[in-house]
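Asks: Now for the letters of each chain:
Number of protein chains: 2
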Amino acid sequence: MSGAPALAIEAVLGSLRFDAQGLVAAIAQQHDTNEVLMLAWMNRDAVEETLRTGEVCYWSRSRAKLWRKGETSGQVQRLVEFRFDCDGDAVLLRVDQTGVACHTGRRTCFYRALRDGRLVSIVDITVDPDALYRL
Amino acid sequence: MSGAPALAIEAVLGSLRFDAQGLVAAIAQQHDTNEVLMLAWMNRDAVEETLRTGEVCYWSRSRAKLWRKGETSGQVQRLVEFRFDCDGDAVLLRVDQTGVACHTGRRTCFYRALRDGRLVSIVDITVDPDALYRL
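Each protein sequence line maps, in turn, to chains A and B. Just so we're on the same page, the working numbering is the position in the first sequence counted from 1, plus 111. Just so we're on the same page, the working numbering is the position in the second sequence counted from 1, plus 111.
None of these hints come from the bench; they were simulated from the model. We put the beta carbon where it would ideally sit given N, CA and C, even for glycine. Check before you lean on any hint, since a few could be wrong.
[What the hints assert, rightly or not] So the derived list for chain B, only partly shown, Cβ under 10 angstroms to chain A, looks like this: (1) P116; (2) I120; (3) A122; (4) M149; (5) A151; (6) H214; (7) F221.
Given the sequences, and given the hints that come with them, work out the whole structure.
Replies: Okay, structure coming up:
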């Protein structure tokens, strides 16, 4: 999705219910495979920036700043469709993920699973995390 | 998934990072279609109850009590697999949803989307919500 018109952005912002910290939860889902990639947070500015540019931008709670996904790692998320839920406090970002979503170098952040009574890693590292962040 | 052993439940609880309110975000995803159904919250008791019984249980923030999904509506979620993310503060519940996940009578709560610059509903109501809650 390329940039949405200002009126549409206002309509979305008016429909979302930001919490006491001014945030909504945002799920990123790969648009063609339906794989859930990650969960992060958005404030009003992050929603606006995402819709305006068509590139996903979150609010980093740990760094207390806007965080354009991939700004350091290059692993950007192109917005395909913006959806939100019945309560307006959760967003579903249908995206096209470049490379990997997880800072560990895995496609998805949800790589830990309980299987046969044991915690296991179910997703391989496909990109060296040191290379992602040029450490 | 039927009930997990106590040791496995302890391992999961020890790996999750509950926030200041004692909660983690939980995404429910239909296991065979990969459709994202809803986002809700779990505390330690909800995680334990879900893993022990194999039926998804959340923490209702509005009612401040455990909420077995479907306890009123019959629209239960059977747990297929429990996953969580790199930070341990978000859970991905792979479930088998009976009927509809949304209290509006739609399969998924994420039925509002921005398309062609307009907010539209992209999921039909398939169950009368009055029938769901016997109003």
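Asks: Taking the hints in turn, state whether each one holds.
Replies: Here is how each hint holds up against the structure:
1. Using the Cβ-Cβ criterion of 10 angstroms, the hint placing B/P116 at the interface with chain A is satisfied: the shortest such distance is roughly 5 angstroms.
2. For B/I120, the suggested interface contact is upheld, since its CB lies about 9 angstroms from the closest CB of chain A, less than 10 angstroms.
3. Interface hint at B/A122: satisfied, since its Cβ lies 5 angstroms from the closest Cβ of chain A, which is below the 10 angstroms cut-off.
4. For the restraint placing B/M149 at the interface with chain A, the shortest Cβ-Cβ distance is roughly 7 angstroms, inside the 10 angstroms limit, so the hint holds.
5. Hint status for B/A151 relative to chain A: holds, with the closest Cβ pair at about 9 angstroms, below 10 angstroms.
6. A cut of 10 angstroms between beta carbons decides the hint on B/H214: the least distance to chain A is about 7 angstroms, and the hint holds.
7. Proximity of B/F221 to chain A holds as hinted, the smallest CB-CB distance being about 4 angstroms (cut-off 10 angstroms).
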